[in-house]
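K.L.:
Listed below are the residues making up each chain.
There are 2 protein chains.
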Amino acid sequence: MAKNTDPLIPSRLAKRMDTSKETVYSILDEALYCTISYVAEGKPFAIPTAFVRYEDKIYIHGSVGSHFIREIEKGIPVCISVTLMDAVVVARSAFHHSVNYRSVILFASAEKIEDTEMKRMAFEWLTDKMVPGSWGYLREMKNNEVNKTTALAFSLEQAAAKLRTGMPKDDEEDLELPIWSGIIPLETRRLAPVADEHSGNIPLPAHLSGE
Amino acid sequence: MAKNTDPLIPSRLAKRMDTSKETVYSILDEALYCTISYVAEGKPFAIPTAFVRYEDKIYIHGSVGSHFIREIEKGIPVCISVTLMDAVVVARSAFHHSVNYRSVILFASAEKIEDTEMKRMAFEWLTDKMVPGSWGYLREMKNNEVNKTTALAFSLEQAAAKLRTGMPKDDEEDLELPIWSGIIPLETRRLAPVADEHSGNIPLPAHLSGE
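Protein chains in written order, with the numbering used here: chain G, 223 to 433; chain B, 223 to 433.
Next up, chain G with everything else stripped away, as it sits in the complex (with noise of 0.2 Å):
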């Protein structure tokens, strides 16, 4: 068999690979944070931090005096991974305990956003993402806080999803014995807001309340 050399193939399980956009696109809509790796002085670095996609692309935003953020908007590579966790499948054995995930890993470079509206409009898909339908309602941003943050895009050209769901895969041998099998699916969700002390009186708005 030929040596894999393709990043965006595993070297096992390519069973759990789909690149389908429409599957790439919903992890990266449902997760909250992406982790951003790149290499400094030959050397791993990583951080996690907000993003949001937006047609082809991902965007992230920070200080434009972080220090990671100096790094990548040079344009070197990155690789991006985003996970989310749906279940942890026990399985009969240790050896077939698993877990049900859906992942995406990007290999993209930094293209640094210039123009302010384009910024603008950045930090908008960001913050309907983290609070959808806030943006409308917040306090409008000023000039000098967009030219405080850099807005970075990342293509989505080089990405892939890579997944597992169902029930645990225990060895034939294994089936008849007294052994509970099956899944602990895992939920995350949003709770109820809490208001900080100077939000006295204010309603609570429908882009919060409603659920």
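Derived by calculation from the structure, the hints in this document are not laboratory data. Some clues are possibly wrong.
The list treats identical chains as one, so a pair stands whether inside a single copy or across any two.
[Stated by the list, open to error] With a straight-line cut-off of 25 Å between C-alpha atoms, the simulated SDA-like cross-links for lysine to any residue are: (1) Lys296 / Glu263; (2) Lys391 / Tyr255; (3) Lys364 / Pro400; (4) Lys265 / Glu295; (5) Lys351 / Glu409; (6) Lys296 / Ala262; (7) Lys391 / Gly355; (8) Lys341 / Gly297; (9) Lys391 / Ile401; (10) Lys296 / Glu333; (11) Lys370 / Glu398; (12) Lys265 / Tyr255.
As the structure is a prediction and not an experimental result, all values here were calculated from the model.
Keeping the supplied structure of chain G fixed, place chain B upon it in accordance with the hints.
P.N.:
Just chain B, lined up with the frame of chain G:
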């Protein structure tokens, strides 16, 4: 000010750093997976994987045939990142939106566990982390399963936590605006276990039914 060259000390927001063992361990013990970043041919790669902390090391496992495992078992530098999201921080301005999180970053290189009994112990810790109390209930791990699996340890000597807690930090002049501000707590929980089709009338064991 002298240039900060310690990779564990962030260039900004140093107040969010915490290198105490107690904080680092509690984050590692709560997280179900870590993201391991490494460099191959000068480029960054990242893989999410299950892990367990035991005393002052973390342990991962993988197939002896895994390309990823074979790369990092050589002892090349890795950066391991763990992130827990606690809340979305909703400010009066988009600029002050944030997230409450607890993260750990550590720099290390793999130490391959060659001793069979030590490997078994690492698998026991891993299994009991994913499904607490399960190791003694399961079909015993076979020697060939131990042989097919690589166990790697990483020192926590170069680990640090970074975290944000609390309410939004709005600009003073925004505090009087009629805009709701606060946090939306996030919760990740285990739901009721779901049996596979071979579990029949086998009762759910106590370590899975207890809460």
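K.L.:
Each of the hints needs a verdict: does it hold here or not?
P.N.:
Evaluation of the provided hints:
1. Lys296 / Glu263: both (14 Å within a copy, 19 Å between copies)
2. Lys391 / Tyr255: between (30 Å within a copy, 21 Å between copies)
3. Lys364 / Pro400: This pair counts as between: shortest inter-copy Cα distance 18 Å, intra-copy 65 Å.
4. Lys265 / Glu295: Both ways: Lys265 and Glu295 sit 18 Å apart in one copy and 16 Å across, limit 25 Å.
5. Lys351 / Glu409: Classified as both; 19 Å inside a copy, 18 Å across copies.
6. Lys296 / Ala262: So Lys296 and Ala262 pass the 25 Å test inside a copy (12 Å) and across (20 Å) alike.
7. Lys391 / Gly355: between (42 Å within a copy, 21 Å between copies)
8. Lys341 / Gly297: Cα proximity of Lys341 and Gly297: one copy only (17 Å, versus 41 Å across).
9. Lys391 / Ile401: So Lys391 and Ile401 pass the 25 Å test inside one copy only (14 Å; across, 52 Å).
10. Lys296 / Glu333: within (8 Å within a copy, 34 Å between copies)
11. Lys370 / Glu398: between (63 Å within a copy, 24 Å between copies)
12. Lys265 / Tyr255: both (23 Å within a copy, 22 Å between copies)
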